[in-house]
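Here's the letter readout for the chains.
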Amino acid sequence: MCPLTPVEGTYHFDGKMSNKGYALNKMCYSLNAAECREEFSKDEKAYCEKFGLNEAQTAAILNRDIIGLLEAGGSIYYLAKFAGQLKLNMQDIGAIQTGMTVEEFKAMLVQRGQGNG
Amino acid sequence: MCPLTPVEGTYHFDGKMSNKGYALNKMCYSLNAAECREEFSKDEKAYCEKFGLNEAQTAAILNRDIIGLLEAGGSIYYLAKFAGQLKLNMQDIGAIQTGMTVEEFKAMLVQRGQGNG
Amino acid sequence: MAKITAGITTSHIPAIGVAMDNNLEETPYFKPFFDGYPPVRQWLHDNPPDVVVLFYNDHGLEFFLDRKPTFAMGVADKYENADEGWGIATIPPITGETELSWHIATHLIENDFDMTVCQEMKVDHGCTVPMSVMWPDKNYSHIKVIPVAINCERHPMPNPSRCLALGKEFGKAIESFDQDLNVVLFGTGGMSHQLDGQRAGFISREFDLWCMDKLITDPQAIADLSISEIIQRGGAQGVEINMWLAMRGAMHGNLKLLHSNYYAPISNTATGLQLIEHSH
Amino acid sequence: MAKITAGITTSHIPAIGVAMDNNLEETPYFKPFFDGYPPVRQWLHDNPPDVVVLFYNDHGLEFFLDRKPTFAMGVADKYENADEGWGIATIPPITGETELSWHIATHLIENDFDMTVCQEMKVDHGCTVPMSVMWPDKNYSHIKVIPVAINCERHPMPNPSRCLALGKEFGKAIESFDQDLNVVLFGTGGMSHQLDGQRAGFISREFDLWCMDKLITDPQAIADLSISEIIQRGGAQGVEINMWLAMRGAMHGNLKLLHSNYYAPISNTATGLQLIEHSH
Ligand SMILES: [Fe+3]
Ligand SMILES: [Fe+3]
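Just so you know, the protein sequences line up as chains A, B, C and D, in that order.
Heads up: the first sequence begins at 97 in our numbering, then just goes up one per residue.
Heads up: the second sequence begins at 97 in our numbering, then just goes up one per residue.
Heads up: the third sequence begins at 18 in our numbering, then just goes up one per residue.
Heads up: the fourth sequence begins at 18 in our numbering, then just goes up one per residue.
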């Protein structure tokens with residue numbers, strides 16, 4: 097068995113993380129449904145409680161702390177539904193995680209797409 | 097690819113049959129839930145319609161025609177839920193399918209268990 | 018390191034659970050069946066497993082035709098059971114295990130077994146009846162169970178040889194796990210039976226006794242059969258022997274058959290019980 | 018007999034679908050991307066496939082962590098799509114196909130690929146965006162699609178070599194099907210990208226161009242990489258290259274690269290488009 101090599105700035109979503117984040121991801125997965133998104137926005141904290149999120153997970157949701165959500169076992173697939181709820185796209189999310197402005201993040205993508213940086 | 101050998105008195109539940117019986121099996125699968133069993137017993141025909149069963153399937157349900165249900169694409173796993181609804185056990189179902197009385201069917205099982213017949 | 022201390026074959030017929038619920042174990046119909054179990058229960062008491070890896074098939078509780086896995090395994094810390102629609106009583110939740118489970122899942126997928134991996138799944142009588150019959154007081158909450166479900170319903174089904182190979186990788190995965198755990202394997206289901214069609218009630222004592230012998234001495238002989246051949250010789254639901262093969266595949270050390278019982282019929286099905294001690 | 022006439026790689030980024038919904042194809046941001054497609058659309062018009070086998074990954078619409086297949090395939094006659102939670106419009110249902118699908122499922126399981134077989138499944142943007150981008154008027158209802166989903170989310174994921182091998186069996190299964198059908202394969206997703214963590218925004222043009230070259234000339238070179246190596250060189254979601262490998266594995270005849278376009282970034286992701294003609 098060959099374990100995953102650690103990569104800086106990367107949270108391998110493996111069994112350990114998936115155990116940790118199960119409730120969080122289940123909540124985010126539910127946001128596929130419009131009625132759940134509505135329920136969530138009415139009372140975010142109550143919705144987190146309903147799915148059994150722990151304190152760290154609930155705090156990270158309330159604070160839009162994407163890195164905190166990853167550390168708490170979030171999977172980017174389901175966190176993307178949460179981002180959608182906040183009307184954030186993947187570049188907004190990228191900026192939050194990297195500590196850049198959205199414009200800086202986009203410029204970095206363009207540079208990389210050209211093989212630079 | 098090695099196709100299944102036909103066996104007399106046996107309805108191999110393969111892709112073809114599973115396509116044919118999908119609605120029927122989905123209806124029977126729903127009978128896992130007590131509230132669905134109740135709804136089914138209140139109006140069997142309406143319940144069949146709700147799941148989109150075709151005429152042959154609906155008729156076989158209403159007539160408790162187990163062989164008819166197999167021919168219509170039923171899987172014995174889900175038909176067992178339908179049998180439960182009728183308060184029939186697997187030996188009752190065996191008797192119906194083989195055209196024996198339940199006593200005859202049970203006696204046959206005992207004979208076979210002893211290596212006879 | 019984790020070690021495999023035994024493999025046990027057992028029936029999982031719902032009627033067994035129903036009989037236990039209704040205290041029918043001593044009736045003439047059930048007695049010859051239940052009389053097989055005390056030695057196995059005693060062995061489990063004297064050699065308590067930390068983990069049971071339980072090969073079974075779901076009969077339409079957790080899995081439906083919409084998305085039906087060939088091989089599914091649980092990695093959850095708890096498994097609920099539920100109403101199956103025809104009256105078997107639910108039992109307390111089964112305790113799960115996550116570390117060894119993920120270790121096995123990782124080993125299997127790394128070695129080209131395409132598992133469906135389940136963090137939440139309901140287990141049906143295929144899993145609950147073996148637990149009830151081995152721990153009849155339902156005092157099994159300290160046993161951590163890893164349920165493994167094999168498709169025995171809809172064709173195409175996995176080849177018997179694939180199930181034996183699956184077991185082999187389970188064996189390697191378990192024995193490479195770096196915690197001192199005693200692991201017992203359950204191969205549930207079987208033996209010859211057919212529930213559907215004009216051939217319903219088919220039982221072959223001859224095929225069953227051959228399987229019980231070959232399982233110990235030459236499992237490859239069973240694994241060489243095709244699904245078609247098993248249906249012909251063991252009935253349409255006789256394919257549940259695949260779970261026995263998976264269990265057997267995991268044991269590649271020295272085997273000692275400590276106990277064996279064959280009895281037919283219970284309900285429409287032949288039953289085989291074997292306690293196979295395993296050591297290196 | 019059915020024959021494989023081409024393999025096509027394409028991105029399935031949701032932003033592509035959103036751009037098409039909002040007529041943004043000619044804007045400077047999207048133009049270099051969409052400019053790649055007309056030759057491929059023309060080829061599909063001139064060489065209309067009867068069936069498209071579409072390798073994609075579900076991103077949390079149909080499959081959740083509760084029961085997540087390594088490999089799932091559809092055998093249904095219709096596939097619905099649905100609200101994914103962040104605003105991509107749904108498109109008309111995708112037409113399915115049952116005969117060839119079951120033939121393939123049977124071949125795969127007979128040959129030790131442990132598929133989850135789906136008679137009902139919702140397909141997400143991984144499947145719908147490629148259909149929309151190839152048939153921008155959404156006039157695809159006459160094309161029968163066989164969707165194949167590969168786990169790219171939760172580790173353990175299938176090895177790249179396993180995905181190439183999966184494709185090989187798809188190829189054998191398709192070419193042994195006794196109806197005259199033109200089959201085109203879509204390998205969707207990729208290329209380098211990473212959505213999560215402080216490393217978000219990772220793109221490697223170098224790795225992508227290497228993959229596009231090796232996919233044609235030496236797919237084994239990509240398949241020899243581990244999942245870890247792909248993450249390092251292509252980003253955490255760069256593992257979607259597994260779908261390209263599955264597509265490529267099915268083609269073992271003569272290949273002719275008719276068209277190719279690389280463009281990055283769209284959203285956070287590098288895109289690669291290749292039209293590979295296949296003949297014997
Ligand atoms: Fe069973
Ligand atoms: Fe994707």
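Derived by calculation from the structure, the hints in this document are not laboratory data.
A virtual CB, placed ideally from N, CA and C, is assigned to each residue, including glycine.
Be careful, since some hints might not be right.
Claimed, not checked - In the DSS-like style, the derived pairs of lysine-lysine whose C-alpha atoms are separated by at most 30 Å in a straight line are:
hint, chain 1, residue 1, chain 2, residue 2
1, B, Lys122, C, Lys95
2, D, Lys48, A, Lys183
3, C, Lys20, B, Lys183
4, D, Lys48, B, Lys116
5, A, Lys202, D, Lys48
6, A, Lys141, C, Lys95
7, D, Lys48, B, Lys112
8, C, Lys185, B, Lys122
Unchecked claim - Here's a subset of chain C near chain B, in silico, CB distances under 8 Å, partners left out:
hint, residue
9, Lys20
10, Phe51
11, Pro55
12, His76
13, Leu82
14, Asp100
15, Ala106
16, His124
17, Pro236
18, Leu290
Hints and how they fare:
1. B:Lys122 x C:Lys95: The given pair, whose Cα atoms are some 27 Å apart, holds under the 30 Å limit.
2. D:Lys48 x A:Lys183: holds, 25 Å
3. C:Lys20 x B:Lys183: violated, 45 Å
4. D:Lys48 x B:Lys116: violated, 46 Å
5. A:Lys202 x D:Lys48: This hinted pair holds, its Cα atoms lying about 17 Å apart.
6. A:Lys141 x C:Lys95: OK: Lys141 (chain A) and Lys95 (chain C) at ~26 Å, within 30 Å.
7. D:Lys48 x B:Lys112: It is violated: about 46 Å lies between the C-alpha atoms, which goes past 30 Å.
8. C:Lys185 x B:Lys122: Distance ~35 Å between Lys185 (chain C) and Lys122 (chain B) Cα, so the pair is violated.
9. Lys20: violated, 36 Å
10. Phe51: Nearest chain B Cβ about 16 Å off; hint violated.
11. Pro55: violated, 22 Å
12. His76: OK, holds: His76 (chain C) within 8 Å of chain B, min 5 Å.
13. Leu82: This interface hint holds because 6 Å falls under the 8 Å limit.
14. Asp100: holds, 6 Å
15. Ala106: It is violated, given that the least Cβ distance between Ala106 (chain C) and chain B is near 13 Å, above 8 Å.
16. His124: violated, 29 Å
17. Pro236: Because about 21 Å separates Pro236 (chain C) from the closest Cβ in chain B, which is outside the 8 Å limit, the hint is violated.
18. Leu290: violated, 15 Å
Hint violations for this structure: numbers 3, 4, 7, 8, 9, 10, 11, 15, 16, 17, 18, all remaining hints satisfied.
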